[in-house]
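Novice: Residue-level listing of the chains:
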Amino acid sequence: MEKGPSSSEPSVKWSVLFFLCVVVLWQLLLPVFKIPSYLLPTPLAILAEFQTRGGFIFANFLPTFYETVLGFLIGALIGVVSGLGIVYSKILWLTIYPSLVVIGSIPRIAIAPLILIWIGIDSIWSKVTIAFLVAFFPMVVNSVAGFSHIEGEMLDLAKTMGMKPWTEFRKIRLPNSLPYLFAGFKASIALAVIGAVVAEFVSGQQGLGYLIIIGNNDLNAALIFASITVLSAMSLGLFGIIVGLEKVLMPWRRGIYPSDL
Amino acid sequence: MANLIEYERVRKIYNSGNDEVIALEEVSFGVAPGEFVTVVGRSGCGKSTLLKITAGLLPVTGGAVRVAGVPVQAPLTNIGMVFQSPVLLAWRKALDNVLLQIEARGLNVGAYRKRALELLELSGLRGFENKYPNELSGGMQQRVSISRALIHDPSLLLMDEPFGALDAITRDEMNLELLKIWSESKNTVMFITHSIPEAVFLGDRVVVMTPRPGKVAEIMTIDLPRPRTTALRDDPKFIGYMRKIRESLGVQ
Ligand SMILES: Nc1ncnc2c1ncn2[C@@H]1O[C@H](COP(=O)(O)OP(=O)(O)OP(=O)(O)O)[C@@H](O)[C@H]1O
Ligand SMILES: [Mg+2]
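Chains W and R supply the protein sequences, listed in that same order.
Under numbering that gives the first Met the number 0, the residues of the first sequence are numbered 0 to 260, in order.
Under numbering that gives the first Met the number 0, the residues of the second sequence are numbered 0 to 251, in order.
Bear in mind the hints are in silico, worked out from the structure with no lab data behind them.
Note that the Cβ used here is the ideal one computed from N, Cα and C, for glycine as well.
It is possible that part of the hints are untrue.
Derived DEER-like restraints, expressed as beta-carbon distance ranges [to be verified]:
1) W:Leu235 <-> R:Leu116: 40 to 46 Å
2) W:Ser14 <-> R:Ala89: 28 to 34 Å
3) W:Ile118 <-> R:Gly109: 51 to 57 Å
4) R:Thr76 <-> W:Ser88: 24 to 30 Å
5) W:Ser88 <-> R:Ile12: 26 to 32 Å
6) W:Leu113 <-> R:Leu106: 24 to 30 Å
7) W:Ser88 <-> R:Gly109: 45 to 51 Å
8) W:Ile118 <-> R:Asn107: 30 to 36 Å
9) W:Ile34 <-> R:Gly137: 55 to 61 Å
10) W:Ser147 <-> R:Ala63: 31 to 37 Å
If you want a taste of the chain R side facing chain W, the calculated C-beta under 10 Å gives, among others [said to hold, decoys possible]:
11) Arg8
12) Pro74
13) Thr76
14) Asn77
15) Leu99
16) Asn133
Sample of chain R residues lacking proximity to chain W, with all beta carbon distances greater than 10 Å (derived) [unchecked claim]:
17) Phe28
18) Glu102
19) Arg112
20) Leu175
21) Ser194
22) Thr209
23) Thr220
24) Asp234
25) Arg242
Go ahead and model the full structure; you've got the sequences and the hints to work with.
Specialist: Written out as structure tokens, the structure is:
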């Protein structure tokens with residue numbers, strides 16, 4: 000087997016190995032450079048944090064997880080439905096779509112405090128709403144593109160086949176949209192995590208975002224890093240589910256991306 | 000016999016911004032049922048435009064097209080269409096792309112599977128039935144799209160440079176296969192090409208078009224026996240037709 004950047008594909012094995020090396024170096028070098036633990040904890044200190052406060056961290060992981068997943072699912076659903084509406088209705092295309100682009104340019108995270116006031120700081124739904132607001136936008140844009148970016152002659156051909164609109168949707172527009180939808184899902188899930196965490200920063204009630212704030216107040220860097228670790232693992236897991244689904248649903252795209260490990 | 004297609008002073012002007020392109024100017028001719036008509040002309044003389052107008056996919060600016068006596072106002076659905084590009088669905092394997100025609104029409108897919116495989120084999124795609132379009136060459140993709148246009152045995156076949164992407168040898172082979180399929184079905188064919196020999200080899204008549212604005216320069220009846228064979232290409236009559244077409248295209 001040839002090896003080298005040009006011939007070998009990126010592989011999980013090598014990136015895991017690289018990651019482990021970084022962790023080991025991190026552990027070994029911190030004492031050498033005498034970096035105080037409230038600035039940067041060692042991996043073992045983070046691990047110890049998990050051991051002593053695992054239950055507490057997990058209890059705070061669950062709300063973040065629910066907020067993210069619900070915000071994402073609602074965003075994806077409403078995003079796809081709005082995309083369909085915009086593509087199939089001339090009126091929506093002319094009215095809602097341009098205003099969506101304007102709304103999209105508002106930094107939606109900036110209205111998080113308002114949402115908390117409106118819906119209630121205690122309610123999980125205020126945080127779900129914030130996650131939804133940030134996750135929603137790429138979904139609309141991507142589904143509009145997915146349902147409408149079709150070679151004009153393909154639609155002409157469908158007409159010469161006497162294809163009915165519903166058949167055209169099922170056999171052409173829907174499969175055509177899948178790559179776009181999945182690009183949207185990937186962007187959305189990452190944004191939903193950010194939305195949920197920021198909502199928790201602001202509300203300061205529970206969740207991993209809240210833990211990061213506590214860690215900050217207590218100068219407990221180990222807690223912050225433990226929270227970030229869980230957040231990253233959650234993001235990665237959710238992202239992985241989407242990529243897995245993508246591969247199952249779009250076998251014809253296999254091998255197109257270098258990321259197809 | 001009444002013509003199947005009747006072009007009556009067809010004009011087509013494209014408006015792009017404040018630019019006007021006269022794509023077709025006063026095109027008039029007829030195509031008889033069962034006839035194989037080829038259209039040759041330089042790039043940009045309005046051949047694709049004429050074909051799309053025939054299919055009801057583009058409105059005329061002036062004049063009229065009648066198919067089977069009825070003015071064309073909406074897309075025709077009883078035709079087989081091959082565009083200049085293959086227009087395949089990326090997520091369907093070759094065979095399923097051919098069968099799209101059947102599914103779209105609500106016909107029984109199982110009943111047509113054998114015919115689809117037959118057509119793919121005739122076009123030299125045996126063994127590639129289960130490949131996705133991105134696994135096929137451009138010429139192979141175009142042959143899938145031809146099979147798709149033939150599978151429902153349409154009474155009118157509209158083909159826009161279907162063999163443009165093929166090498167000369169495969170092209171000659173495909174010409175023979177197409178004539179074989181056509182002679183069995185006896186459907187009417189409008190076939191657009193850049194290639195003068197192809198136009199002569201396939202056609203009962205050759206419509207020669209000149210560009211800017213797109214006009215019919217000449218319609219030539221090709222009086223060569225059928226079935227046409229490769230040997231015919233060396234026939235003095237064949238060569239004579241080619242020369243005449245070159246002349247009317249203004250090739251020096
Ligand atoms: N959608 C369009 N909008 C504006 N102009 C167009 C459009 N389609 C074609 N034209 C113009 O009309 C003319 C004829 O185009 P057409 O595609 O019919 O030519 P063609 O004979 O098929 O050429 P080729 O052999 O290169 O395929 C060209 O000058 C082209 O620029
Ligand atoms: Mg053309």
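Novice: Please go over all the hints and tell whether each is borne out by the structure.
Specialist: Structure-based check of all given hints:
Distance hint for W:Leu235 and R:Leu116: a CB-CB separation of about 45 Å, consistent with the stated range 40 to 46 Å. Distance hint check: the CB atoms of W:Ser14 and R:Ala89 are about 30 Å apart, consistent with the given range 28 to 34 Å. At roughly 54 Å, the beta-carbon separation of W:Ile118 and R:Gly109 lies within the given 51 to 57 Å, and the hint holds. Under the hint 24 to 30 Å, the C-beta atoms of R:Thr76 and W:Ser88, about 26 Å apart, fit the expected range.
Distance hint for W:Ser88 and R:Ile12: a CB-CB separation of about 31 Å, consistent with the stated range 26 to 32 Å. About 57 Å separates the C-beta atoms of W:Leu113 and R:Leu106, a value inconsistent with the hinted range of 24 to 30 Å. Our hint of 45 to 51 Å for W:Ser88 and R:Gly109 is violated, since their Cβ atoms are close to 37 Å apart. Between W:Ile118 and R:Asn107 the C-beta distance comes to about 54 Å, which lies outside the given range of 30 to 36 Å.
In this structure the hint that W:Ile34 and R:Gly137 lie 55 to 61 Å apart at CB holds, the actual value being about 60 Å. With their beta carbons about 32 Å apart, W:Ser147 and R:Ala63 fall inside the hinted range of 31 to 37 Å. With a cut of 10 Å, the hint placing R:Arg8 at the interface with chain W is violated, because the nearest CB-to-CB distance is about 25 Å. Interface restraint check: R:Pro74 against chain W, minimum CB-CB distance 4 Å, threshold 10 Å, status holds.
The interface hint given for R:Thr76 is met, as the beta carbon of that residue sits about 4 Å from the closest beta carbon of chain W, less than 10 Å. Look at R:Asn77: its Cβ gets to within about 8 Å of chain W, closer than 10 Å, so that hint holds up. Because the smallest distance between the Cβ of R:Leu99 and any Cβ of chain W comes to about 7 Å, under 10 Å, the interface hint for this residue holds. With a least beta-carbon distance of about 7 Å to chain W, the hint placing R:Asn133 at the interface is held under the 10 Å criterion.
Interface exclusion of R:Phe28 from chain W stands, the closest Cβ pair being 22 Å apart, more than 10 Å. With a closest Cβ-Cβ approach of about 7 Å to chain W, R:Glu102 is found to fall inside the 10 Å limit, against its non-interface label. Taking the minimum C-beta to C-beta distance to chain W, about 17 Å, the non-interface status of R:Arg112 holds against the 10 Å cut. The claim that R:Leu175 lies off the interface holds: its Cβ sits roughly 26 Å from the closest Cβ of chain W, which is beyond the 10 Å cut-off.
Listed as a non-interface residue, R:Ser194 keeps its Cβ farther than 10 Å from every Cβ of chain W; the least gap is roughly 22 Å. A cut-off of 10 Å between C-beta atoms confirms that R:Thr209 is not in contact with chain W; the least separation is 25 Å. Distance to chain W confirms R:Thr220 as a non-interface residue, since its nearest Cβ pair spans about 29 Å, more than 10 Å. The beta carbon of R:Asp234 sits about 36 Å from the closest Cβ of chain W, which is more than 10 Å, so the claim that it is off the interface holds.
Even its closest Cβ contact with chain W, about 35 Å, leaves R:Arg242 beyond 10 Å, as expected for a residue assigned away from the interface.
Hints 6, 7, 8, 11 and 18 from the earlier list are contradicted by this structure; the remaining hints agree with it.
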